[in-house]
Amino acid sequence: MKKIWLIIKREYLTRVRKKTFIISTLLFPILYLGLIFGMGYIADQSKQNLRVAVIDYSGYFTEKNIAYQNSIDKNSTLVLVKDSATKIIADYAEAGYDGYILIPSLQWEAAKTDSLFFKANKSYGASATATVEAKLNRIWDDIKNEKLGIDSAKREILSNSRLSITPVNTKDEQANVKIAEGIAYVSGFLIYFILLIYGSQVMMGVMEEKTNRIAEVIVSSVKPFQMMLGKILGIGLVALTQFMLWIAFILIVYNVGKASGSGGMANALVGNMQHMFTSVNIPLILFCFGFYFLAGFFFYASLYGAIGSAVNEDMREAQSLSFPITMLVILSIALMSTAIANPTSQVAVWASIIPFSSPIVMMARIPFGVPATVPWWQLGLSMAMLILGFIFTVWFAGKIYRTGILMYGKKPSWKEMIRWAFRKN
Amino acid sequence: MALLELQNLKKYFATQKAVDDISLSVDKGQIFGLLGPNGAGKTTLIRMITGIFYPDEGQIIFDGKKFDPINDTAYIGYMPEERGLYKKMKIGEQTMYLAQLKGLSKKDALEKIKRWFIRFEMESWWNKKVEDLSKGMSQKLQFVTTVLHEPKLVILDEPFSGLDPVNSNLIKDEIFNLAQNGSTIIFSTHRMEQVEEICDHIVLVNKGKKILDGTVKNIKQEFKENLFSIGAEQLPAALNGTAPFEVVGTNDHSQIVRIKEGNNPNDVLQFLLHQGITIHSFNEILPSLNDIFIKLVEGTPTARQFQKL
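Chains as they are written, first to last, in the working numbering: chain A, 1 to 425; chain B, 1 to 309.
Bear in mind the hints are in silico, worked out from the structure with no lab data behind them.
One or more hints might be untrue.
What the hints assert, rightly or not - With a Cα cut of at most 20 Å, we get these calculated EDC-like pairs of lysine to aspartate or glutamate:
hint, chain 1, residue 1, chain 2, residue 2
1, A, K223, B, D56
2, A, K3, B, D72
3, B, K112, B, E174
4, A, K223, B, D72
5, B, K87, A, E133
6, A, K19, B, E131
7, B, K129, A, E208
8, A, K9, B, D108
9, B, K88, A, E313
10, A, K18, B, D132
11, A, K3, B, E150
12, B, K90, A, E416
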């Protein structure tokens, strides 16, 4: 036991003291936030504001109608063209328009959709034309309302009197689907990143020991199994440390935001978080997250470790052998999306119980509520299966590791590695 | 008294009998040479002694008791042929780590490391990384990590490869030192001149089997071919049939002769004196271990063949 502890300590300290650890711990939340805000910003920037000439042959459209909608909606501008229609059609670009729409004679009382064309000298995406189309329809609505004699008060009633539906689970009235979805995505993806990043760290660490031949020195002091376990536990602790730092980071942001009290965005953030804390069972989620993250890590890290022990210094060998394992992780993410869309579907339930996908999929279901969405028996079964699962993979990997770490030469196939595992001594 | 005794050890792999029924005994304080061509099974044998492999059959007796890999490895120091250290780890920390893995307490480890570092003039290395060291330097470091915990049994696999003569001598002296202080040393190599210089006792293995076992002196006696070198002014040009020897070669100022069956060196001297020849020197030529090695191993395929077991 003392020796495992020494190995854990070495694995942990050499990694935590590295500059890359500190940098990645600081950078990840910044990049993550940057990604979220950045995508919003890019989406904003990529919106196109078009200037569109509306050439009206129907006679319904008036300057007043169009100007009114232009004043409400600042996205693309529509300009009514009455007189110089042919000139505009020929020279719309020179007149400062991105394109034009020809409105033929329409029958406003016909309950049907008329197809019009937005003509321009280049291709526009669906989102650009959609804003033009929406605006045109609102103008058309205004025109029809006028024809039907519906005044602005009645119009207000017509457009703003609406019914909205929010799903409420009678077994769990507190649940908020939006927040649950958010938490589900975040925790699923975090576990996914951890499994892939730290799993491959285990693999690289084992490969380093093997190619440096330090393995031979160490296995003359400790058992190969202890060596592997020490490495997995040590790297697992590194991942855990990184998490703790992130959680601390979130709490600091939260408390600073609450203390400063002012500023629209900080307030909104704090408000959102308070709302989130009341709508989901945070202690349970944190506990489950810790469990699935650690157990899932043991499950996959031991397999990655086994691969690291079997290959030589060639990265390509490691990649080709670890491909099936990586595929399992990626498949789990695919299953996670299904589970978030419908957390009680058959696929979601079984994927959250079967060990290889349960760390990601179960974490995506839990925020929807325990026991309302995830009955206790499913959670219990899933945890038990995962524990059995990682005991098996650690045992299996230990057998491969013992043989592989001292074996040089040809890369073994999965078939050979399985044979090593089930050979006695 | 034997520190290590191997009894009928066997280890078969899928396609090879790596170690096929080897028995040997290593005395306390002995410098024991384990020789053999590449692929003879030396490394497998050593791995069983260091507890890395379990033998398929046979027994290992260590220090009078059945070998217990978990506890006894603390008394063994092993330096593998392919040196291994963490490249990115600081040398001081790394040495501490390896010493503690061998069961030393932090305090003990620090004290011993400091002593060795001073002895090998390595004090300034403490905060350097292994990747900053030259090959010879890392060899020295590896040697220190091997013997640091004062093991009863030190196993050195090709300890001199890559070392310059000065550092070679330094390590050689340390090996003698360790043996004098009661450590037993198993020294695995195929550099025969070093074996003659250092080892008391040798075992030669080939293709998983032991083919030679004895002290260096006895083995040389056993394989001698009754060759003598005679330094004389002039040997008779033609020897008649009565001469107790035959000339097999000539060196600058000496003749190499083989004594005929049933005669001894005195007969040769007597014969020469009788002929009135002045003798300057008369030496027995013993075969070198190198010759014996080649003689024994030659004729067997140099590479081991794969076989179905």
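Status of the hints after comparison with the structure:
no.	hint	verdict
1	A:K223 with B:D56	holds (18 Å)
2	A:K3 with B:D72	holds (14 Å)
3	B:K112 with B:E174	holds (15 Å)
4	A:K223 with B:D72	holds (13 Å)
5	B:K87 with A:E133	violated (65 Å)
6	A:K19 with B:E131	holds (18 Å)
7	B:K129 with A:E208	holds (16 Å)
8	A:K9 with B:D108	holds (19 Å)
9	B:K88 with A:E313	holds (16 Å)
10	A:K18 with B:D132	holds (18 Å)
11	A:K3 with B:E150	holds (19 Å)
12	B:K90 with A:E416	violated (37 Å)
When held up to the earlier numbered hints, the structure conflicts with 5 and 12 and fits the remainder.
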